[in-house]
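S.K.: Chains as they are written, first to last, in the numbering used here: chain A, 248 to 583; chain B, 113 to 614.
One or more of the hints may lead you astray.
Quick list of the computed label-pair ranges, beta carbon to beta carbon [as the list claims (entries may be wrong)]:
1. Arg482(B) to Phe416(A): 36 to 42 Å
2. Lys450(B) to Ile575(A): 20 to 26 Å
3. Arg415(B) to Met303(A): 55 to 61 Å
4. Gly590(B) to Phe393(A): 57 to 63 Å
5. Arg178(B) to Arg573(A): 27 to 33 Å
Simulated from the structure, these hints should not be mistaken for lab results.
Glycine included, C-beta positions come from ideal geometry on N, C-alpha and C.
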Amino acid sequence: MPATQMPSGPAARFLSSSADRAERLSGRTLGLIIATAILFAALALLSQSFLSAYTMFVVSRQTAFYVLVALAQAFVLVIGQMSLAVGAIGSITTIVLGLCLDTWGLPPALAVLIALGVGALAGWLNGTLITRLKIDSFIVTLSMMFIFMGLRSGISGGSPYKVPESFSFIGQKSLLGVPYVFLLVLALLGGVGYMYRNTVFGRRMLATGGNAAAARLSGISTDRMVVSAHVLSGVFAALAAVLWASKLGSAAPETGDDWLIISFAVAIIGGTGLNGGIISALGILMGSAIFMLIKHGLVEVKANPYYANSFLGLLILLAIVVDRVREIYSNKQKEK
Amino acid sequence: MLELRGLSKRFPGVQALDGVSLSFAPGEIHALVGENGAGKSTLIKIVTGLCRPDAGEVLFGGRPLRFQSYHDSLAQGIDIVSQEIQVIPESTIAENIMLDKMITRGRTGIIDWPAVNRVARDYLDRVGLALPPDTIIKRLSAAHKQLVQIAKALASEARVLLLDEPTSSLTEHEARNLFGLLRGLRDKGATIIFVSHKFEEVLALCDRVSVLRDGHLVGTRRTSELTRAGLVTMMIGRDVIQAHLGRLGVDGGPEMLRVERVTRAGRIEEASFILRQGEILGFYGLVGAGRTELARILIGEDRPDAGAIYVRGDKADIRSVADGLERYRIGYVTENRKEEGLLLASPISTNVTIAVWPRLANRLTRFISRVKETRITRDMIRDLDIRATGPFQRTEDLSGGNQQKICISKWLAADCDILIVDEPTVGVDIGAKEQIHQLLWDLAKRRGKAIILISSDMPEIVRVASRILVFRDRRIAGEIDGVDDGTKTYAEVSAAIGRYLN
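Work the whole structure out from these sequences, hints included.
M.R.: Shown next as structure tokens:
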């Protein structure tokens, strides 16, 4: 059997945010980077407006939102579970944010803290139900999704809340042409990658996803890891919701309606293992960029927008097939 | 009947098989033995079509076989009962046995359940499993699942039957019954290939034995011409001393663990014992007799219904494995390392240090030091003689014995002074087994660890333990003292164990 040496040096370290399975991940991530570069070049050649400051601003900002939503899913995928409530948590926090800012007139900073707190609470509720009642994450988060969605509609009645002018700063402005949202997300993404690779907490979450029984019998409180992962997921969904409201300039109740599919799609394209234990921060960034560029490209080539979802579905399938082919190929290599 | 000619197979870095030629005759039970990594698994994989040889061929009834898949080998009349139990847990015994030959009502495709159950009943009778054919598999014990697998192989009417460690979860009675069955098949002209680590079985049951070592065929002998010692020598190329490893002598040592009338309904009843520093306390008994069940309470994985546990003299309330590790320094080497012991896809370093990450982390940032992690792993690889290419090799790629050493090293890294080791040498070759015995003994003797050794391997427990508790029907049936002091022979100790068991 070949020795799987960990790559060394700063470059390799950034490529493989997962402490384990480094070799395969960096190969996969490299593939994603190349795919992103090809898509980017193709779009630049295809459309004269693509490289304009405005398009770059819009594309990078949207990519950042995809990253946040995908991370909210990836945190949970890493421990071997899933969350169907990512979008619903985004939705309910948007309502809470609207209530704080519009109905109660609280200062924006406090409103944001409360919204993030609600996201954390929703995630904690998911994780606690899963671990205490020993119910599958699919069923728990499915139920919670409906509960949150119902609360959202009931409380808001479907109409958006106003947010103050000052609140829109972070979602609409940029630093030297780079949206604040994008900068913030890059920093968070770096932090997440580092966490999984280098911290006790991150390694324990990866171990829980890799083999929950072995992790527990090695003295890791796997229940605590599960709850933590769901809390992180809730906080990131809430953060995405807050930034989205800032971008829109209003707290719209329909926020989060399309996040469920996006969160899975981007996380999977970005190389997050569906069985737990594998995540790549850089992969998720590239997955988000690919997702965004293809959406943008479909508009550029004037594809019938009614078919857009089919293309995205094909993209997810392609990502999984490529991964599977890679796996079969590497097994063949081993046998030789 | 089945002939192998010059089989060779190379994996990266290992010549798994090197020009092995062997022939299996109809009407014989032919044992295949060898240490882990000797090439047995590769040979089985080639015969059953799971892997293709680089060179050589397999002849079946004089014709060369070209298997594309496992299904092809089945179609040719070669069936295997594998070591890992492969059954469909949610379906019935009858469905598992009849899976590929369901009886239907005419050509309707509708299954004729009464007929299926009737035929299955027949095979169950033959393996001596007195359970209704419509019992759901997941309610069965491991031994019974194993018997279902054997019944399934019988049902396939295979002309060549390969059994890979078939008795590992069977009781003696069940094993004897199986042997009778196999002799019956042999007398009807079937070829039976029997892979086993248990020499007594091999010598008692088989007609001929072929020994593999490092991918080569050492030789094929008639078992009637061979002794146990001779077989072992063929296998490892040297003689093994089977005496007790030596006196541990801890009669007055400090008490590490005291268990008083610990009970958990349906698992263990009123267990009481004392474990002292520097001793190895053996837990002997059959699977399900309460040994592992008691261990899981001691490490905090399960809670007792009644009774008290004292660690170092103080009453303990062990709430979880994490709690047992942090507050009481209790470590547990699990019974099945692949399912519950290791992160197989992760590097060795992860598995060695998983229990001590908090100690390797910077107090402020909580970042784990790669340097310390690598150093600890390298130390363990050296101290425990783990055969690996380096600290970051994938754990999955190591042999069973080396994986087991990693399981033990996890608790050494965590500096546990109470160590519970559950069936440490199952599926481990004899060389590594020897090393693991020596390692456990050294840990007790030289480093003062208090060790509980759970084992169903009588020679092992008599050889390593200083005291033995015999478990039967969820109770501690008896205790044998002074196993290590040289006053009792193996025969005496094993006879004493036998008395408590009955």
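S.K.: Are the hints correct? Go through all of them and say.
M.R.: Status of the hints after comparison with the structure:
| no. | hint | in the structure |
| --- | --- | --- |
| 1 | Arg482(B) to Phe416(A): 36 to 42 Å | holds (40 Å) |
| 2 | Lys450(B) to Ile575(A): 20 to 26 Å | holds (23 Å) |
| 3 | Arg415(B) to Met303(A): 55 to 61 Å | holds (59 Å) |
| 4 | Gly590(B) to Phe393(A): 57 to 63 Å | holds (59 Å) |
| 5 | Arg178(B) to Arg573(A): 27 to 33 Å | holds (29 Å) |
Of the numbered hints given earlier, the model fails none.
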